[in-house]
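Participant: Going by our numbering, the first residue of the sequence shown is number 1, and it counts up by one from there.
What the hints contain is simulated information worked out from the structure, not anything from laboratory work. Ideal Cβ placement from N, Cα and C applies to all residues, glycine included. Treat the hints with care, as some may be off.
Result set (DSBU-like, lysine-lysine): computed pairs, CA atoms no more than 30 Å apart in a straight line [to be verified]:
{"id": "1", "residue 1": "K70", "residue 2": "K38"}
{"id": "2", "residue 1": "K179", "residue 2": "K226"}
{"id": "3", "residue 1": "K179", "residue 2": "K103"}
{"id": "4", "residue 1": "K179", "residue 2": "K219"}
{"id": "5", "residue 1": "K18", "residue 2": "K103"}
{"id": "6", "residue 1": "K235", "residue 2": "K248"}
{"id": "7", "residue 1": "K112", "residue 2": "K18"}
{"id": "8", "residue 1": "K219", "residue 2": "K248"}
{"id": "9", "residue 1": "K112", "residue 2": "K155"}
Label pairs and their in silico Cβ distance ranges [as the list claims (entries may be wrong)]:
{"id": "10", "residue 1": "T221", "residue 2": "W42", "range": "45 to 51 Å"}
{"id": "11", "residue 1": "Q108", "residue 2": "K219", "range": "50 to 56 Å"}
{"id": "12", "residue 1": "W42", "residue 2": "R153", "range": "36 to 42 Å"}
{"id": "13", "residue 1": "R222", "residue 2": "E22", "range": "47 to 53 Å"}
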Amino acid sequence: MNVIVIEDEPLAAQSLCKLLNEINPQIQVQAILPTVAKAVDWLRNHTPQLIFMDINLGDQVAFEIFEQIKLQVPIIFTTAFDRYAVQAFKVNSVDYLIKPIQKEELRQSLDKYTKLHAQSSAISYTQLLQSLQNPPSTQANYQQRFMVSIGDRIKSVTTDNIAYFQADQRYVVLVSQQKEQFIVDYTMDTLEGLLDPQDFFRINRQFIVHFKAIQQMQKHTRGRVKLGLLPAPKKAPIVSIERAQTFKDWLNR
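Generate the whole structure from the sequences, applying the supplied hints.
Facilitator: Now the structure itself:
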């Protein structure tokens with residue numbers, strides 16, 4: 001089976017390719033395409049049997065691909081934004097996987113593709129796109145928990161037990177209130193959209209903090225604010241000057 005991966009996060013793409021090879025070594029990943037433009041260029045000249053497609057590609061949405069080319073290839077969507085997409089995906093003959101992707105869920109999605117392919121099932125991309133552009137309004141649509149890996153085990157960490165997220169070079173680390181640290185397969189921009197803004201605030205490029213983790217604040221240069229967090233990171237984070245006033249307003253709700 002020839003497939004392609006449309007994904008802008010290298011680690012996520014590598015992880016998916018590794019899982020595909022473990023499930024079925026006969027699956028050939030023909031290309032990993034990180035942008036809408038590269039995906040469109042490739043698909044104009046090639047027709048894979050199956051596409052794995054992330055929805056958010058940097059500052060673009062992958063569905064822009066459908067506006068530029070006519071695509072009749074089955075797709076398994078990979079997304080962190082379940083609050084926007086899950087309802088739409090459920091009414092279409094296409095599967096979806098919520099990041100971080102689990103091996104057994106990926107196996108089930110491939111099995112579903114095989115059955116749909118055998119039935120020559122059609123996919124209504126127009127309906128899907130309309131549903132995504134008009135997501136249902138609901139109050140309980142933020143991420144409630146994150147699945148993290150501990151060796152060969154999977155653990156659930158609820159959002160009310162998270163102290164903060166910290167971007168550390170190439171990785172993003174979830175730090176729990178019990179000082180546990182787990183690498184998560186999300187960018188900071190993605191997390192900012194997943195987390196309830198009533199509870200979490202992105203203070204700068206490196207930190208998204210839960211209000212419960214803030215133990216003290218100290219005035220810093222140029223109107224900025226230095227935070228004392230619990231558990232304490234190696235270096236006390238500073239609220240960026242661009243976010244300082246919004247942060248103060250957030251605390252004073």
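Participant: Hint by hint, work out which the structure violates, then give me just those numbers in ascending order.
Facilitator: Hint check: nothing fails, all pass.
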